[in-house]
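*Asks:* Protein chains in written order, with my numbering: chain A, 1 to 323; chain B, 1001 to 1261.
Fair warning: there could be bad hints in the mix.
What the hints assert, rightly or not - Mimicking BS3-like on lysine-lysine, the simulated pairs with C-alpha atoms at most 27 Å apart in a straight line are:
| hint | chain 1 | residue 1 | chain 2 | residue 2 |
| --- | --- | --- | --- | --- |
| 1 | A | Lys200 | B | Lys1242 |
| 2 | A | Lys61 | A | Lys90 |
| 3 | B | Lys1255 | A | Lys322 |
| 4 | B | Lys1242 | B | Lys1252 |
| 5 | A | Lys217 | A | Lys200 |
| 6 | B | Lys1052 | A | Lys292 |
| 7 | B | Lys1242 | A | Lys223 |
| 8 | A | Lys200 | A | Lys170 |
Just so you know, the hints here were simulated from the structure itself, not pulled from any lab data.
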Amino acid sequence: MTNPILVFAETQDSKLKKSAIEVISEAKRQSDNLKAEVVAMLIGSGVEPLAKDAASYGAAKVIIIDGPDFKSYTTGAYTQALMAAVEKTKPQAIILSATSNGKDLAGSVAAELKTTAAQDCISLTYDNAFVARKPVYAGKAIITVKIAKQPAVITLRPKVFPASAPDASKSVSTEKLPVALSADSKRVTVKETVAAAKGKVSLTEADIIVSGGRGMKGPENFKILEELAGVVSAAVGASRAAVDSGWRTHDDQVGQTGKTVCPTLYVACGISGAIQHLAGMSSSKYIVAINKDPEAPIFKVANYGVVGDLFEVVPALCKELKK
Amino acid sequence: MNVIVCIKRVPSTETNVRIGSDGKSLDPAGVEYIISPFDEIALEEGLRIKEKAGAGLPAEASAQAGDVTVISFGPAETATTLRTCLAMGADKAVLLKPAAPVNPEPFVVASALAEAIKQMPHNIILCGKQAVDDDNSQVGAMLARLLNIPFVSLITKLEITDNKAVVHREIDGGYEVLETVLPAVLTAQKGLNEPRYPSLKGIMSAKKKPLEENTVTPAAPGLEIIKMEYPPIRPAGRIVGKGVEAVPELVKLLKEEAKVI
Ligand SMILES: Cc1cc2nc3c(=O)[nH]c(=O)nc-3n(C[C@H](O)[C@H](O)[C@H](O)COP(=O)(O)OP(=O)(O)OC[C@H]3O[C@@H](n4cnc5c(N)ncnc54)[C@H](O)[C@@H]3O)c2cc1C
Ligand SMILES: Nc1ncnc2c1ncn2[C@@H]1O[C@H](COP(=O)(O)O)[C@@H](O)[C@H]1O
Chain A
1 MTNPILVFAE TQDSKLKKSA IEVISEAKRQ SDNLKAEVVA MLIGSGVEPL
51 AKDAASYGAA KVIIIDGPDF KSYTTGAYTQ ALMAAVEKTK PQAIILSATS
101 NGKDLAGSVA AELKTTAAQD CISLTYDNAF VARKPVYAGK AIITVKIAKQ
151 PAVITLRPKV FPASAPDASK SVSTEKLPVA LSADSKRVTV KETVAAAKGK
201 VSLTEADIIV SGGRGMKGPE NFKILEELAG VVSAAVGASR AAVDSGWRTH
251 DDQVGQTGKT VCPTLYVACG ISGAIQHLAG MSSSKYIVAI NKDPEAPIFK
301 VANYGVVGDL FEVVPALCKE LKK
Chain B
1001 MNVIVCIKRV PSTETNVRIG SDGKSLDPAG VEYIISPFDE IALEEGLRIK
1051 EKAGAGLPAE ASAQAGDVTV ISFGPAETAT TLRTCLAMGA DKAVLLKPAA
1101 PVNPEPFVVA SALAEAIKQM PHNIILCGKQ AVDDDNSQVG AMLARLLNIP
1151 FVSLITKLEI TDNKAVVHRE IDGGYEVLET VLPAVLTAQK GLNEPRYPSL
1201 KGIMSAKKKP LEENTVTPAA PGLEIIKMEY PPIRPAGRIV GKGVEAVPEL
1251 VKLLKEEAKV I
């Protein structure tokens, strides 16, 4: 047995996040090669019941840091918690998901370990050390890095690594690790969590994204995209032109200075396909473009293009899909 | 209120990336460089903090309301980028030049920044949420750790009262309101503000503002770049048809060929 792989299993609404399941699954695949054990870490308040889920995807052991202090994510508290587990398990690698909190925590923990995290990786192999590929310049290039230092700190891009089928028969060995927060870790407090409209699908986790650009002409017209999104359970995104016009909120922006997304289907409506927009969405599996200008650059990357007025095509598409 | 803003010089977002002859890095020929867009937002916020603190005070007192210092780790050319920051309104600039060329990976950068910032008065340190070249999103968190001060990422709103700051932090599907003691490191997300352009007066006065250049010995890197490659090429785009008549065919393709619906 070599040193274990420690996984930070992020939770939300009393469930493992989809991205956490992907990370446990990938860690398990790596550990089989390395003859190592996967140790999953649950941090939060009331997260203990999720240990069996973590085990069903391949965690041999689950470390639980549970308590009111860990109810909401703060970098300081979660760094202290993760470092306690690192000291306990002496892992050869710490793997997290490249979600907002995962990337935040990876940077902080890497600094504690005097190294740099390999952030937002899209593939992972082992050749005397972990070797990862990660997009740079918002996906305009990909670099391969060898992670010389141990433990390696790695975050995996959501929706890239497959989730294994759960095996509910797996038994789970759990260990509760008591962590008393230091005064330093308490310098940041969460006062309030304000959720956006309920049931809104998050852009980075969505399987389908319907996005609108300047061609939408105004905020009220986004209701035709919302309707289409409703039919196929999609999230609604936007180009920077739509966001800067004040039609959509900043967190809806897709692109180099917005969200990088890789859904199975991305439907671009009234979006020209500027280089910064393409950077954020061109790794989508399938792209559909609806644009009245046949010369629009978006058609160069679209698997399926429809040249036409979106105000006619989108409602027709909605109707056809409802059939 | 002394504000420090960390600035990275990055290729313009218009850049068509070409890989250099070493097969490991960007070919710099013809590349234009800019202030990383989120660092521009961080700088704008820094300038607003100072303006707010100095508002209504007589000139002399307002001058003592604190400084906005921009700092960057990078090659000599970075001085041009820092001048632009001075033209936007920063008071001072510090450039940390590595003694030997080094891949500016986050731990190397954060270590150099932390050493320098320790010697400088600071109440608040602002970074971008990520530099748009390597998309690492970690220098800010590292800096906070190395300086042993609190950290909040992805802020979209900032209010300062006494020794505390109340911030909004973007989370999936909403935002959180957090309170932190100062000094702290905060990283700027889009939505925090709209950065200003340098004014003509700003550009003129920037020439006279102090820009300190120091050579530093970088820390040992933890990552080794083996190669850089292009992403997989997408199949050439295909037009299904024109207008509403194309819709049944599109749906058929999505269901039967792509199998995504
Ligand atoms: C530093 C920097 C960062 C940037 N980051 C981003 C980013 O993250 N994301 C991003 O999106 N952009 C970004 N941009 C902006 C980018 O360069 C483009 O300006 C932007 O993407 C254009 O948005 P758009 O396609 O919606 O608008 P436009 O380019 O104006 O395109 C509108 C399209 O709608 C079509 N259209 C109009 N009416 C109709 C209709 N009735 N039916 C069908 N089609 C119609 C038109 O033919 C046109 O192609 C950035 C720019 C800079 C400088
Ligand atoms: N070389 C650098 N010099 C100064 N600040 C930097 C440098 N690199 C990154 N930063 C800061 O750290 C933020 C996050 O960068 P990164 O972790 O590289 O994505 C940037 O937005 C900058 O504010």
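*Asks:* All the hints need checking, so say for each whether the structure fits it.
*Replies:* Outcome of the hint check:
1. A/Lys200 <-> B/Lys1242: violated (32 Å)
2. A/Lys61 <-> A/Lys90: holds (14 Å)
3. B/Lys1255 <-> A/Lys322: holds (13 Å)
4. B/Lys1242 <-> B/Lys1252: Holds, at roughly 15 Å.
5. A/Lys217 <-> A/Lys200: holds (23 Å)
6. B/Lys1052 <-> A/Lys292: Between B/Lys1052 and A/Lys292 the Cα gap is close to 47 Å, so the pair fails against 27 Å, i.e. violated.
7. B/Lys1242 <-> A/Lys223: holds (23 Å)
8. A/Lys200 <-> A/Lys170: Cα-Cα ~34 Å, so violated.
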